[in-house]
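Residue 355 in the UniProt record's numbering is what sits at position 355 of the sequence shown, and the numbering runs on without skipping anything.
Treat the hints with caution; some may be incorrect.
Unchecked claim - Computed list of lysine to any residue pairs in SDA-like fashion (alpha-carbon distance at most 25 angstroms, straight line):
no.	residue 1	residue 2
1	Lys-289	Tyr-188
2	Lys-268	Ser-288
3	Lys-268	Thr-244
4	Lys-316	Arg-340
5	Lys-166	Lys-212
6	Lys-112	Ile-236
7	Lys-112	Lys-268
Unchecked claim - Cβ-Cβ distance ranges computed for the label pairs, FRET-style:
no.	residue 1	residue 2	range
8	Asn-269	Ala-315	42 to 48 angstroms
9	Ala-315	Gly-206	31 to 37 angstroms
10	Ser-111	Lys-317	18 to 24 angstroms
To be clear, the hints were calculated from the coordinates, so they are not data collected in a lab. Model, not experiment: these values are computed from the prediction. Ideal Cβ positions, reconstructed from N, Cα and C, are used throughout, including at glycine.
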Amino acid sequence: MNQSPHATPPTFKKTTILPLMTAATTLRPSPSKRRHQKYRSITDIMNKKDDDDYKCDECGSGDDQLLLCDKCDKGYHLTCHRPVVVRVPIGPWFCRSCSDHRPLIKSFSQSKIFDFFKIKKCCTASSLKRISPQDSRRRRKRIVHHKRRRKLLPYAPSEETAQRLKQMRSLASALTSLNMEYSDHLTYSFDRAPRSANLSVFEKGGMQVLSKEDTETLEYCRAMLKRGECPPLLVIFDSCEGYTVEADGPIKDLTLITEYIGDVDYIKNREHDDCDSMMTLLLASNPSKSLVICPDKRGNIARFINGINNFTPEAKKKQNLKCVRYSVNGECRVLLVATRDIAKGERLYYDYNGYEHEYPTHHFV
């Protein structure tokens, strides 16, 4: 696997790991966060099943851990439920039948897609000629020769407009089903972490600065997004893995796939959060200043890229991306970069535990 020599060690998706429960245990989310319920009659209490009587609604076995739905009270093994539940939820949990996630919306018209992604019609790909940073660099004459360094490459969007609309439609449907808004930049708020808190100088041990040329590549990719030239990626729903992302065209090694986007908050405010997609943004010398990206209300396609199982050699072979943190104009940013050539139809994976081993991936496929 090729590694960028100038990259800060990969980041991870922050979460709180709960202690492993003993066999034949019925698991429920934290009682303090359970929904309000009416008092039951003495008859209901006397007729209620013991924990030992619960069986998995999928396989029929009562052995090992069972997670109970907070609405229908049916039990499921973490690995039997579809999609797989990778860890015990902190708050209320609902099975797929009781989930309040809206169904996939497949009828996004072109105008709705433009509105959803805030694309200006005057700036669409058909009206502009693509000039990548690499093209302009080739025209420059350099007298002084420097040591060759591997540079980030901008992604190559699909040529056909219909194909790009299909790709954006898949992302819009996935975001809508999770009640999320699309965003192409980090979001700050007075009740979470202000933008002034996201300074790379706070990083413990320092953070690698993104080079001028790679910064140009990042800005070029952002400009492509604004005019509807998205990465060649499709968001699909897998019955076992849930939402996942696959390449809709060939992707070269060291291609900048996307930036990790969401709301910025202090880690201390999210210690008991049930979001399973939090990403470390800043690890400060003072832990109270450490930041995470939380794509629970706003985000982009990075929200749906899955991680590898760190406990099986076969799963590690699937990794084709790396997650790296850079200082860009003095602020911390998280980028997803290809670590090898990726073929069309191949699913995208990276290591959630590339830096700190805190994410439970033993249930990952």
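For each hint, the structure was consulted:
1. Lys-289 with Tyr-188: holds (15 angstroms)
2. Lys-268 with Ser-288: Since the Cα atoms of Lys-268 and Ser-288 sit roughly 6 angstroms apart, the hinted pair holds (cutoff 25 angstroms).
3. Lys-268 with Thr-244: Not OK: Lys-268 and Thr-244 at ~29 angstroms, beyond 25 angstroms, violated.
4. Lys-316 with Arg-340: Distance ~14 angstroms between Lys-316 and Arg-340 Cα, so the pair holds.
5. Lys-166 with Lys-212: The given pair, whose Cα atoms are some 33 angstroms apart, is violated under the 25 angstroms limit.
6. Lys-112 with Ile-236: Judged against 25 angstroms, a Cα distance of about 20 angstroms means the pair holds.
7. Lys-112 with Lys-268: Not satisfied, since the Cα-Cα distance of roughly 38 angstroms exceeds 25 angstroms.
8. Asn-269 with Ala-315: 42 to 48 angstroms: violated (32 angstroms)
9. Ala-315 with Gly-206: 31 to 37 angstroms: This hint holds: roughly 32 angstroms between Cβ atoms.
10. Ser-111 with Lys-317: 18 to 24 angstroms: This hint is violated: roughly 42 angstroms between Cβ atoms.
In this structure, the hints that do not hold are numbers 3, 5, 7, 8 and 10, in rising order.
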